[in-house]
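2 protein chains.
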Amino acid sequence: MLKLSPEQRQLIEKIGIYHEQQGFPPVVGRIIGLLFVSEKPYLTFEEIIETLNISKSATSNALNLLLQMRHIEYTTFSGDRKRYFSALLDNWNQEVVNKMNSILAFSKLLRQANDLRGDANPDMNQKVLDRIEFMEFLSSQVPMLLEQWLKDRQK
Amino acid sequence: MLKLSPEQRQLIEKIGIYHEQQGFPPVVGRIIGLLFVSEKPYLTFEEIIETLNISKSATSNALNLLLQMRHIEYTTFSGDRKRYFSALLDNWNQEVVNKMNSILAFSKLLRQANDLRGDANPDMNQKVLDRIEFMEFLSSQVPMLLEQWLKDRQK
DNA sequence: AAATTAGTTCTCAAAATTAAGAACTAAAGA
DNA sequence: TCTTTAGTTCTTAATTTTGAGAACTAATTT
Numbered sequence: 001m002l003k004l005s006p007e008q009r010q011l012i013e014k015i016g017i018y019h020e021q022q023g024f025p026p027v028v029g030r031i032i033g034l035l036f037v038s039e040k041p042y043l044t045f046e047e048i049i050e051t052l053n054i055s056k057s058a059t060s061n062a063l064n065l066l067l068q069m070r071h072i073e074y075t076t077f078s079g080d081r082k083r084y085f086s087a088l089l090d091n092w093n094q095e096v097v098n099k100m101n102s103i104l105a106f107s108k109l110l111r112q113a114n115d116l117r118g119d120a121n122p123d124m125n126q127k128v129l130d131r132i133e134f135m136e137f138l139s140s141q142v143p144m145l146l147e148q149w150l151k152d153r154q155k
Numbered sequence: 001m002l003k004l005s006p007e008q009r010q011l012i013e014k015i016g017i018y019h020e021q022q023g024f025p026p027v028v029g030r031i032i033g034l035l036f037v038s039e040k041p042y043l044t045f046e047e048i049i050e051t052l053n054i055s056k057s058a059t060s061n062a063l064n065l066l067l068q069m070r071h072i073e074y075t076t077f078s079g080d081r082k083r084y085f086s087a088l089l090d091n092w093n094q095e096v097v098n099k100m101n102s103i104l105a106f107s108k109l110l111r112q113a114n115d116l117r118g119d120a121n122p123d124m125n126q127k128v129l130d131r132i133e134f135m136e137f138l139s140s141q142v143p144m145l146l147e148q149w150l151k152d153r154q155k
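Those protein sequence lines, which keep their order, are chains B and R.
Numbering of the first sequence is given in the UniProt record's numbering, commencing with residue 1 and proceeding in unit increments.
Numbering of the second sequence is given in the UniProt record's numbering, commencing with residue 1 and proceeding in unit increments.
Derived by calculation from the structure, the hints in this document are not laboratory data.
Bear in mind that the values here come from a model prediction, so they are computed numbers and not experimental data.
Mixed in with the good hints there might be a few duds.
One copy or any two copies: either way a pair holds, since identical chains are not told apart in the list.
What the hints assert, rightly or not - Think about it this way: if two alpha-carbon atoms lie no more than 30 Å apart in a straight line, the pair counts; the simulated DSS-like pairs of lysine-lysine are:
#1 108 with 3
#2 3 with 151
#3 3 with 14
#4 151 with 99
#5 82 with 56
#6 82 with 108
Please work from the sequences and hints to get the whole structure.
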């Protein structure tokens with residue numbers, strides 16, 4: 001079991017609550033929190049269980065969910081049966097793209113709603129269209145912003 | 001009870017499911033869907049209940065939640081005790097700002113995690129910092145993008 | 001071969017969420 | 001004054017979610 005300061009434990013809970021609000025179960029959020037807060041580059045199944053005081057079953061399910069969602073990854077070492085879990089840090093730009101796609105999917109539904117409503121309420125149509133078009137514009141700008149940020153950062 | 005085509009009903013469900021995935025209860029999502037899909041500029045409590053076949057209690061709670069979250073609004077007419085509900089269409093740019101603030105709040109937690117971890121894992125620190133800084137950059141750009149979009153649109 | 005390890009899967013119970021229905025309130029109308 | 005209307009609140013039941021614990025599996029070690 002890892003020794004964690006009260007501040008570390010508190011921060012794990014805060015990160016956990018943030019993830020709960022994003023729709024994850026509490027245990028899942030705490031595991032993400034732990035992986036971000038721990039100084040160790042990776043943690044084993046056992047360390048996670050003992051440190052967070054959670055069951056093997058909840059941990060097994062949570063880790064597999066997080067692996068599948070590409071929020072974490074693991075390394076192995078030959079001659080060692082354990083898996084060494086860590087937060088996946090290289091995929092945040094893909095995450096941004098995914099988030100934008102979800103927003104775009106909703107924009108498409110709003111467009112369908114506009115189409116079905118016809119011209120009964122032109123003011124509403126226009127306002128909904130504004131929203132749709134800004135979201136599409138924002139989405140289209142994200143890759144450029146990413147490039148720009150990468151470039152600016154190099155200096 | 002409003003007459004709705006099968007396509008309209010289907011679209012209400014899709015908008016409902018989107019909102020369920022965003023963390024709303026099913027009834028809440030369907031009400032949002034109905035308000036976007038209906039040709040009427042606003043709907044009464046009774047019309048919502050009858051059209052969606054949901055209880056008064058669920059409807060009362062859902063409408064109050066949506067009012068409080070500023071997803072809907074209502075109008076009144078003097079000499080008429082009913083409230084006339086509609087989707088709130090003017091606040092989507094505030095919504096974008098709120099979403100960005102939530103992302104920034106998480107960035108702040110990540111920064112705290114970086115600080116607590118110290119220099120044990122510099123590669124991780126750098127990657128987390130990249131994520132934080134891109135999110136901050138993206139967030140800072142949103143108001144400009146909104147302005148730019150508004151300007152470009154005027155032509 | 002027996003025991004340990006690293007995890008998975010199954011079963012179940014507790015807790016939380018969701019929404020119905022009934023009882024209620026406060027204003028308006030008859 | 002009695003009734004209707006527009007909605008709220010309370011109680012309760014069904015459903016879903018969450019996670020514990022035990023039993024299990026498949027390697028690995030002894």
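Up to 30 Å CA-CA - residue 56 versus residue 82, copy category: within (14 Å within a copy, 54 Å between copies)
Copy assignment of residue 151 with residue 99, given that the CA separation must stay at most 30 Å: both (23 Å within a copy, 26 Å between copies)
Homomeric proximity label, residue 3 with residue 14: Cα distance no greater than 30 Å: Close inside one copy (18 Å), not across copies (47 Å); limit 30 Å.
Same-copy or cross-copy closeness of residue 3 to residue 151 [CA-CA at most 30 Å]: neither (40 Å within a copy, 55 Å between copies)
30 Å Cα threshold - placement of residue 3 relative to residue 108: between (49 Å within a copy, 23 Å between copies)
Copy assignment of residue 82 with residue 108, given that the CA separation must stay at most 30 Å: neither (45 Å within a copy, 32 Å between copies)
Hints 2 and 6 from the earlier list are contradicted by this structure; the remaining hints agree with it.
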